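**Student:** One-letter residues, chain by chain:
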Amino acid sequence: MFMRFIYKFSSPPYFYAISGKMLPWLTALFFLLLGYGLYGGLVTAPADYQQGDSFRIIYVHVPAAWMSMFIYVVMAISGGIGLVWRIKLAEIVSISSASIGASFTFLALVTGSLWGKPMWGAWWVWDARLTSELVLLFLYLGVIGLYNGIEDKRTASRAVAILALVGVVNIPIIHYSVEWWNTLHQGATVSKLDKPSIHIDMLIPLLVMALAFKVYYVIAVLLRCRNELLEREPNGKWIDELLEKVK
Amino acid sequence: MKTSSLFQAFGAVIKRDLLLAYRHRAELINPLAFFVMVITLFPLALGAEVALLKRIAPAIIWVAALLASLMSIDNLFRADYDDGSLELMVMTPHSLSVLVLAKVIAHWLLSSVPLLFIAPLMGVMLHMDSDVIGVLLLTLLLGMPVLSLIGGIAVALTLGLRKGGALLAILVLPLYVPILIFASSAVDAAMSGFPVSGHLSMMCAILFLAITLTPLPTAAALKMSLS
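Protein sequence lines correspond, in order, to chains A and B. In terms of our numbering, the first sequence has 100 at position 100, counting the first letter as 1, and numbering is strictly consecutive. Quick note: to get our numbering, add 1000 to the position in the second sequence (first position is 1).
Check before you lean on any hint, since a few could be wrong.
[Stated by the list, open to error] Each computed DSS-like pair below joins lysine-lysine, with the alpha-carbon atoms no more than 25 Å apart:
hint, chain 1, residue 1, chain 2, residue 2
1, A, K88, B, K1223
2, A, K21, A, K214
3, B, K1015, A, K153
4, B, K1223, B, K1163
5, A, K153, B, K1163
6, A, K88, A, K21
Simulated from the structure, these hints should not be mistaken for lab results. The structure presented is a predicted model; accordingly, all values stated were derived computationally and were not measured.
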């Protein structure tokens, strides 16, 4: 029953139709969440007692950092599904996620650096979290580079899936080794942002923003998948039918 | 027809690779020369101050070893891919991941073990203490096989590409990060007189994890590259 649903959903014509219906709703939801999150974060949330107003970049920085890791896992899982069951849509979701994930990682790094300048007095410190985020960006770049390097896109998707799965096994190892490295080398020289239990008025907009980013990711991945489907089978029968309807 | 056991096939692959390397023994010197050259560049760029060199010697040697491994790993499947023997290996009834492991072991014997002999010399030239050199050798012994094993995955993935070189580095280097961290912090701990067994146990754990896990994606990637 479940598998039948998966197969039905993952057939390109069905997916194309249903994602087209979902997109306007998702876009509306995204703007609603974004509007509320930004208003809550930038206007109603109280200023931080230590950092003043500059803490407000958290509403972009933290959701972006969460997304960067979340998307890698999504990419690996959908890649794995594509490898095992040879579902074309899963392969496409996997590779479409890669550049979105890389963008979120980049965004997290840039906003972190902008935040770090007034707080730590430096654009960049070799802190454990920053470094593992940077390594994550390299992992994404490797995935994108490999996909673009292989001519045949089916083969490329499988190669990327293998690489993403290897990466997902490695991410915890990299994360903990980097964390350990930092504590060994730097000790107390970098005073991390100690996190007091965050005020509820600050927390709610943060969670809403995180949700908004997730919805944005879904929108972006659906759009990319639709494009990729059209690009991969330009002569598909269902596309002809689609064009007929448009006329 | 005589069939061979898995163990015999494993041994045959190692023997064949060693024999092939012996027939082209002039090439064996390349990773070594590269390793020594990279290390030589550092004092030239940084100046010959003894305290500074001593402090950063383990890092230099490890980064050089990492780059040397990256240089030589590209040849892991290349020749077999070009002359078609890789396809025959895939077609044998034996598990491809075991044969892959044999190839990686042969590669490690040929490209990394010689480094173990020249690394102490480099350590002396960079003014390292002798007991620290011992720890450095242990980390190289435990860490270099992991580099070859992880590198094998990336080589298998980029096998069909014409310009795989730079891509290979992007794929492999992030995955090398943990080994570099554990190895250099083990040597650092030895330099400051702290116990190193924790770091070395961690490296052992990573080594065994890599031996058991990495041949599987490598074999999958090889089959994909050949299809």
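**Student:** Does K88 of chain A pair with K1223 of chain B here, judged by a C-alpha cut-off of 25 Å?
**Tutor:** holds, 19 Å
**Student:** Below or equal to 25 Å on CA atoms is what counts here, so check K21 of chain A against K214 of chain A.
**Tutor:** holds, 18 Å
**Student:** Going straight from one Cα to the other, do K1015 of chain B and K153 of chain A come out at no more than 25 Å?
**Tutor:** Answer violated: K1015 of chain B to K153 of chain A is near 37 Å, above 25 Å.
**Student:** Can the restraint linking K88 of chain A and K21 of chain A be considered satisfied, given a maximum Cα separation of 25 Å?
**Tutor:** This hinted pair holds, its Cα atoms lying about 21 Å apart.
**Student:** Hint check: K153 of chain A vs K1163 of chain B, CA-CA at most 25 Å. Holds or violated?
**Tutor:** holds, 17 Å
**Student:** When you check the alpha-carbon spacing of K1223 of chain B and K1163 of chain B, does it fall within 25 Å?
**Tutor:** Roughly 20 Å separates the two Cα atoms, so the pair holds.
Checked against the numbered hints given earlier, the structure breaks only hint 3 and satisfies all the rest.
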